[in-house]
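Q: Taken in order, these protein sequences are the chains called Z, P, E and H.
Note that the working numbering numbers the first sequence so that position 105 is 537, with each residue one more than the last.
Note that the working numbering numbers the second sequence so that position 78 is 510, with each residue one more than the last.
Note that the working numbering numbers the third sequence so that position 255 is 687, with each residue one more than the last.
Note that the working numbering numbers the fourth sequence so that position 183 is 615, with each residue one more than the last.
Keep in mind the hints are simulated off the structure, nothing from the lab.
A portion of the hints provided could be inaccurate.
To be verified - 20 angstroms max Cα-Cα, derived EDC-like pairs, lysine to aspartate or glutamate:
(1) P:650 <-> H:478
(2) H:618 <-> E:641
(3) H:588 <-> E:678
(4) E:588 <-> P:678
(5) Z:618 <-> H:478
(6) Z:650 <-> H:641
(7) Z:618 <-> H:641
Protein chains: 4
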Amino acid sequence: MKSQLRAHVFRMIEVARFGDFSSHCVDVFVLSLIATNIIAVIIGSDVHIHAQYGEWLDLFALMSISLFAVEYILRVWTCVEHPEGNHSKPATGRLKYIFSPLMILDLFVVIFFYLPPDYAVDLRILRLFRLLAMLRLTHYSEALQLLTAIIKRESKTFTAIFLVIVSLLLLVSYFIYLIEHDVQPKAFASIPDAMWWSISTLTTVGYGDVVPVTVMGKVFGMFVMLIGIGMFAIPTGILVSAFSQELKRKDFVATWNLVAKVPLFSNLDAVEISSITELLRLRSVMPGELIVRKGEVAERMYFIVAGEVEVELENHSAKLSDGDFFG
Amino acid sequence: MKSQLRAHVFRMIEVARFGDFSSHCVDVFVLSLIATNIIAVIIGSDVHIHAQYGEWLDLFALMSISLFAVEYILRVWTCVEHPEGNHSKPATGRLKYIFSPLMILDLFVVIFFYLPPDYAVDLRILRLFRLLAMLRLTHYSEALQLLTAIIKRESKTFTAIFLVIVSLLLLVSYFIYLIEHDVQPKAFASIPDAMWWSISTLTTVGYGDVVPVTVMGKVFGMFVMLIGIGMFAIPTGILVSAFSQELKRKDFVATWNLVAKVPLFSNLDAVEISSITELLRLRSVMPGELIVRKGEVAERMYFIVAGEVEVELENHSAKLSDGDFFG
Amino acid sequence: MKSQLRAHVFRMIEVARFGDFSSHCVDVFVLSLIATNIIAVIIGSDVHIHAQYGEWLDLFALMSISLFAVEYILRVWTCVEHPEGNHSKPATGRLKYIFSPLMILDLFVVIFFYLPPDYAVDLRILRLFRLLAMLRLTHYSEALQLLTAIIKRESKTFTAIFLVIVSLLLLVSYFIYLIEHDVQPKAFASIPDAMWWSISTLTTVGYGDVVPVTVMGKVFGMFVMLIGIGMFAIPTGILVSAFSQELKRKDFVATWNLVAKVPLFSNLDAVEISSITELLRLRSVMPGELIVRKGEVAERMYFIVAGEVEVELENHSAKLSDGDFFG
Amino acid sequence: MKSQLRAHVFRMIEVARFGDFSSHCVDVFVLSLIATNIIAVIIGSDVHIHAQYGEWLDLFALMSISLFAVEYILRVWTCVEHPEGNHSKPATGRLKYIFSPLMILDLFVVIFFYLPPDYAVDLRILRLFRLLAMLRLTHYSEALQLLTAIIKRESKTFTAIFLVIVSLLLLVSYFIYLIEHDVQPKAFASIPDAMWWSISTLTTVGYGDVVPVTVMGKVFGMFVMLIGIGMFAIPTGILVSAFSQELKRKDFVATWNLVAKVPLFSNLDAVEISSITELLRLRSVMPGELIVRKGEVAERMYFIVAGEVEVELENHSAKLSDGDFFG
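Model the full structure from these sequences, guided by the hints.
A: See the structure below:
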């Protein structure tokens, strides 16, 4: 009984699968609540708005934090229902769930709000991560997952580059400190102070609030600026290569099965299919949708994997079905 | 009769097909008029020039706006003649046409000019879009169309990245506001105010008009600058991958038919042709044009798809025709 | 007789082919003279140095300009000797040569120096182009030629992008002018003035000398900064794709012939060779050079196209020759 | 005897191979010492910290420099033990070793510290390179080695680009000097002074401390900013291409042997293997590790090269071993 209720509540809180109307409503409500809270935090930071609508905003904050607290407790209670079974053990599973990054953030939002006045901070804006997590499950998921996958897979490379950048930063800061410290004892008071200039120059931000004034400092500064170009080119280069490779592999398995279905290709062996697979792209067409306009220069060939296509030619129309192709 | 006149006017207004001289003249006139108007707006904004030539510029604006209005009416009247037939129904077709983005812009240009003095704005500069639309149909079309195609196809990815960037921006603004608000109550008056610093740092613009001054603010600022590098690398990475893939596919169909015509390749099967296709590039040669100079190191092989090529060797010259190759 | 002298002088002035010692000396002399002149121009611009060494620098300028003038005349005289025969006709060929960009620059350097004091400008720094032209013929040529080739081949695309950028610039300048003109009548005095801010923001330079102050101006400014990211991503994307394609094609013909020579591959057909060709890389080895160290993990396979390789194994050494492979 | 001691000391100092515990301890000690020294240099530069803890920091510096000196002498003494045998000759081998870049840096750190007070500089921060060298041998090595390999292989290209950039810089500085010198005799005092503006604009850093004020200077400035975009796009383009090519080749040999082992592919010829090789990716799995979760959409196919895999299906589990595949 209790287990059944828990399963029901879990289904409500989780992002709805297609077709579950009541759960979908809960999603929309939570999403709107988070979005409204974020907007409230942002506009509430303005002095004039706070003076005028401060009470209402505070009331709204209090109410929504309470709702967040309820949601938090419900999440912890129902987490054992996760179909992947990561948290199925009541005690350890729940503990593991509580210490997942998103849950810690959610807890922070609630706790820091209820702290004694001196320490209370309004962290509702951190619910942004929950917002992104909910969107992650919608149709934007593919692109973000690809990016996350690449960053994970190339994490070693990025760590290596990060180490090099930090070393570079330390050296640049040290030398500019040696060079400029005597002339500008305030702006280049210490190596950590010099880092402000170094990093704003290496990343080509260039605020201009701190600038070397000695001849040697300027010569060194020019050199640092030129290195800054490399700091963009190298990570971009790695990311682009990783992206191309990942996309290639991803497309591959998806198209393979389709290619094998097209009769024209049926007598090809595995390698030949693989070559063709690289060049094809899956496209789903809704019934009645126009694939290509008559008279347009055909830039692609179309192979029909499933369904029928009607082709209108000069004076008659033909129907093509599975395995036929045109283009 | 009326329909014939309308068809004639339509042909005049539309960008001319090759060989239609009178329509071409109209194009050149409209193009020049738009260009002149844009230049007039730009130089007319200068106080000294306006003081001296203001009357002439106003007269020119009035005249050209009237011409634009006439053109607008003619466009609406003749739009049913579009060969693609999108607007062929007199009533709904025209309405659809009137609400196409370019036509709305054209209407704005005319209307805002004729408004009562207090609201009148000179929007002739928006005709720039019409200018670009006309150029789109000329020989620069290919590159721009490729770019538009990629942006459309990857729109989901770009939306996802845009969402991540906006979230990042909100978080960065929120934290810098918390950190710097007490020390710089003016520059970081509210979160929207803090956004100005956040975005100018994340995009590496770095005006330097607003800069964190506290130690924590500077440490956070360094961190934000480093993130800024990723903001260039990621969109670039996605765009580059998309570009490479699109170019590969585009070249493919174009060269396929040519390859199939060259006798040397006639006994290859589909996959082998596809491999070769990837490496070839279509090149049209004018009669009499020099393909490759004698003595130059040959970096390419040339296959003749159609026509004849004369090869001058040491002491004689040979004629090669369809299907032969050299290089 | 005169023609023989002219041919001799031509050989002297032109960049020396390998082994021609006296012509090589002339090259080194001209190169050094140009480099020294450029340095003289740069350090001569400093007031203190000019005050102290001004007379010597002026004398040196006078002397080298005279030499440049002599070289210019000799070049024009001997240009008919060009082996490519572009300028072989004494009159029209010479005229064509005189109006080639580099020669016009050389002429400017001489003429502007001898003009009456009010107009005389020291343009010796433009000889930089001559310097680059001389270096272009040395071993850095390949990389620069590849770059020039790509820029030429993709010139249409770059023109299209340039048009879009200019349009964007005009629109951004127009709107920021409308928004900020009333509040900052000095910094945004006219649209051309507003362009200074627009371009420094779109290119992410961000001097910060001119900055929008109104709320709407700041919101618009944030939007413009975000667009700036695209201005880097798009040209980079196009360049990268073009580069990859060009490199692929370039490698292809160079390796093809080598692959065909290796016995292991002799029974492959054209397409199979093309696949392999993509993966190989030509490497020339000097006699006695170490190709791969014993014990290193072999990351490549080596195919011997010409010559012999000695392989030292645990307890004996073997000689491999043409067509063998190891790795 | 002495040789044995020397070999032992060498093993201690060098980065430990897996399993050598005592040598590993020495590594950790040296690494920590270097890291602590770097931190000491950085925080010791702060005036307040130096006032309070200066004596302790100086003592620590003295002690660690002495240890560095000892390490330096031991390194020179034992360098003849290098297994690669580069430095096996007592006299010349050692001299060659002493003049390797890292050893010169190490010597500098020690010498400059012991110089008479007026010239003494604390260069302990340069030990950063030794730190990086030690990390280079750990698991981040691959990514950094790839980067170093590419930069070495493309060094000609990068030199060519560097030459073009320097030329561009000189020309831009020269012209902005001509244009702005009369109006801003201080900021644009000489061409080297003008370089500060040129380089900060070309690299899009844009400090804004020096800015052209004349109309012509601003027009020229806009032009220079636009060129700046190319300065990012071109090196990035080259790097990306080089990266993609290198990764492709690197993967190739590594996967080739594995592919040849899978029975499904055994009847393929060399070219076909090469096509497949491009699409596979080596993945080592620890015993007990989960390869793919049940119910997840399979995006990859897995081929087992060595070992066994247990597959859990709906109602039974199967064991797959070498040569089988699933996915």
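Q: Determine for every hint whether it applies to the structure shown.
A: Outcome of the hint check:
1. Proximity of residue 650 (chain P) to residue 478 (chain H) is assessed by CA-CA distance (about 16 angstroms); at most 20 angstroms being required, the pair is judged to hold.
2. Straight-line distance between C-alpha atoms of residue 618 (chain H) and residue 641 (chain E) comes to about 18 angstroms, which keeps the hinted pair within the 20 angstroms bound.
3. For the given pair, residue 588 (chain H) sits about 18 angstroms from residue 678 (chain E) by alpha-carbon distance, which is consistent with the 20 angstroms threshold.
4. With a CA separation close to 17 angstroms, the supplied pair residue 588 (chain E) and residue 678 (chain P) stays within the 20 angstroms bound.
5. With a C-alpha separation of about 11 angstroms, the suggested pair residue 618 (chain Z) and residue 478 (chain H) falls inside the 20 angstroms cut-off, and the hint holds.
6. Between the alpha carbons of residue 650 (chain Z) and residue 641 (chain H) the distance comes to roughly 12 angstroms, so the proposed pair stays at or under 20 angstroms and holds.
7. Proximity of residue 618 (chain Z) to residue 641 (chain H) is assessed by CA-CA distance (about 18 angstroms); at most 20 angstroms being required, the pair is judged to hold.
Violated hints are absent here; each numbered hint is respected by the structure.
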